[in-house]
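Q: Sequence:
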Amino acid sequence: MSLGTIGSGLDIASLVSRLVASERAPRENQINTAGTAATAKVSALGTIKSGMTSLQSALSTLVRNVATPGLKTSTPTESNFSATIDTSATAGKPAAGTHEIEVKSLAQNQKLSTKAYEKDAIVGDGALSIGYGDKTIDVTIPAGSKLTDIAAAINTAAGGKGVTAAVITADDGQHLVLSAVDAGSKGALTISTTGGNGGLADLAHDPAGTSKMTEMVAAKDAVVVVDGFTRTSSSNTITDLVPGVSLTLTKAEEGKKQTLTLTPDNSTLKTNLTSFITAYNSVQSTLKSSSAYNAETGTAATLTGDAMVRGLQQQLRNQLSGNVNDLKALGVTIAADGSLSLDAAKLDTAIAKDPEAAKSLFGAEGSIGKSMTALLKSNLDATTGSITQRTNSLNKEIKALEKQLDDLDARMEKVSDRYTKQFTAMEGLVTQMQSASNSLSQQFASNS
Numbered sequence: 078m079s080l081g082t083i084g085s086g087l088d089i090a091s092l093v094s095r096l097v098a099s100e101r102a103p104r105e106n107q108i109n110t111a112g113t114a115a116t117a118k119v120s121a122l123g124t125i126k127s128g129m130t131s132l133q134s135a136l137s138t139l140v141r142n143v144a145t146p147g148l149k150t151s152t153p154t155e156s157n158f159s160a161t162i163d164t165s166a167t168a169g170k171p172a173a174g175t176h177e178i179e180v181k182s183l184a185q186n187q188k189l190s191t192k193a194y195e196k197d198a199i200v201g202d203g204a205l206s207i208g209y210g211d212k213t214i215d216v217t218i219p220a221g222s223k224l225t226d227i228a229a230a231i232n233t234a235a236g237g238k239g240v241t242a243a244v245i246t247a248d249d250g251q252h253l254v255l256s257a258v259d260a261g262s263k264g265a266l267t268i269s270t271t272g273g274n275g276g277l278a279d280l281a282h283d284p285a286g287t288s289k290m291t292e293m294v295a296a297k298d299a300v301v302v303v304d305g306f307t308r309t310s311s312s313n314t315i316t317d318l319v320p321g322v323s324l325t326l327t328k329a330e331e332g333k334k335q336t337l338t339l340t341p342d343n344s345t346l347k348t349n350l351t352s353f354i355t356a357y358n359s360v361q362s363t364l365k366s367s368s369a370y371n372a373e374t375g376t377a378a379t380l381t382g383d384a385m386v387r388g389l390q391q392q393l394r395n396q397l398s399g400n401v402n403d404l405k406a407l408g409v410t411i412a413a414d415g416s417l418s419l420d421a422a423k424l425d426t427a428i429a430k431d432p433e434a435a436k437s438l439f440g441a442e443g444s445i446g447k448s449m450t451a452l453l454k455s456n457l458d459a460t461t462g463s464i465t466q467r468t469n470s471l472n473k474e475i476k477a478l479e480k481q482l483d484d485l486d487a488r489m490e491k492v493s494d495r496y497t498k499q500f501t502a503m504e505g506l507v508t509q510m511q512s513a514s515n516s517l518s519q520q521f522a523s524n525s
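Count along the sequence shown from 1, then add 77; that gives the number in our numbering.
It is worth saying that the hints were derived from the structure and are not from the lab. Check each hint, because a few of them may be wrong.
Dumping the calculated DMTMM-like pairs for lysine to aspartate or glutamate here, alpha-carbon to alpha-carbon at most 25 Å [unchecked claim]:
#1 K118 - E155
#2 K238 - E195
#3 K238 - D211
#4 K334 - E179
#5 K447 - D486
#6 K223 - D304
#7 K289 - D403
#8 K263 - E330
#9 K333 - D317
#10 K405 - E373
#11 K289 - D279
#12 K476 - D211
#13 K297 - E179
#14 K181 - E373
#15 K430 - D420
My request is simple: use the sequences and hints to build the entire structure.
A: The structure is reproduced here in structure tokens:
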């Protein structure tokens, strides 16, 4: 029979467990309630931070691109060129208007060919020096080399730059064909030979002197006339001719003038502004729902009454409230519930009337762009942001509550030990009393 079932017959383990649980419950419930509330707040703040980060990203894109008015290019149906807006950092600033363009010639890559050789004939050995622009490629040709060996050696040495070599087999025999990688006069090739048995002499090419190779295609520069001004280029793509526009020449027709038209294009602005509005409405909705109170059910949201949330709502509204008329003129309206909407037609009209209208509001120094950028940074900064600090504070609170639970466990273990000792002692006393009682009863029985 166990100690807990003799004497008084009490189940000490079960009794101690119930007493400890009863003593533990109030404090444990208090800690768990506080922990649940803090965890819910951290989660709600995470949702708010996510929405604010999306708004920050949308605003950043809007601010970055609004300074450059959108333009689109248009060319004739059968144009001798194509044109795109150049968005590179070094590009000029494009402007709406028209340009008259005449493509007189296209840039072309030089192509040289040797005389015909019998198939697999040994050509010679020595060294080739192939020049293009201000660069030189040195190629060593070993003894016993055929045209295919020479082509392979040139391609290995060039590594895809300056020149490529191939062997073409025609009716009259094999030809080594060298093609300039770069177009125009800048890519034109010169070839000199040294050393060896002299067999490479037929590969020499010097336009200003001796040339043994045949020029199959001459190196030629592109020539284009824009608004009466002539430009020569080694490339058929010219990025600094019309400011902010990249021109690609596709066909030469001397005397044929065609028009390039640059017209306003607000599609990027509309996309960026719509993204900003969507992000703004979303974060305001999140702030509202996280701090709402249902009067009918008496149910509060996780952050109901939270001063920081109320402050964020007000700060975001204040960013727009001082610019209501300017926003409306741009096609952005503020509804009674504070949400934004965009009228694309009004935006087009506003930009046509004042190309700087959007920039004055949402540019880096704009009345909304500058202040809202600062506001979002102050709340989202990874170190000093108010949301970051509030989240860190709640996480510290959760850790402190976890420590309190650990301490409660330790304290309840001591309480359990104390109760067990007390009841065990009581059980021993009861047992002794029972033994004494039994002894007295036996004595009384024997004396009677």
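Q: Evaluate each hint against the coordinates.
A: So, going through the hints one by one against the coordinates:
Restraint check: the Cα-Cα separation between K118 and E155 comes to about 63 Å, which exceeds 25 Å; the hinted pair is violated. The hinted pair formed by K238 and E195 fails the criterion: a straight-line CA distance of about 29 Å is larger than 25 Å. For the proposed pair K238 and D211, the alpha carbon gap of about 13 Å is at most 25 Å, so the pair holds. Of the supplied pair hints, the one linking K334 and E179 holds, its CA atoms being roughly 5 Å apart against a limit of 25 Å.
A hinted pair counts as satisfied when its Cα atoms are at most 25 Å apart, and K447 with D486 does not qualify at roughly 53 Å. Between K223 and D304 the alpha-carbon distance is near 53 Å, which puts this suggested pair outside the 25 Å criterion. Taken as a hint, the K289 and D403 pair is broken in the structure, with Cα atoms around 74 Å apart against an allowance of 25 Å. For the given pair, K263 sits about 23 Å from E330 by alpha-carbon distance, which is consistent with the 25 Å threshold.
For a cut-off of 25 Å, the pair hint linking K333 to D317 stands: about 22 Å separates their Cα positions. As the CA atoms of K405 and E373 are separated by approximately 36 Å, the hinted pair breaks the 25 Å bound. Of the supplied pair hints, the one linking K289 and D279 holds, its CA atoms being roughly 5 Å apart against a limit of 25 Å. A distance of roughly 68 Å separates the Cα atoms of K476 and D211; the hinted pair therefore is violated under the 25 Å criterion.
Straight-line distance between C-alpha atoms of K297 and E179 comes to about 17 Å, which keeps the hinted pair within the 25 Å bound. For the hint linking K181 to E373, the alpha-carbon distance of about 80 Å lies beyond 25 Å, and the restraint is violated. Distance hint between K430 and D420 is fulfilled; the C-alpha atoms sit about 16 Å from each other, no more than 25 Å.
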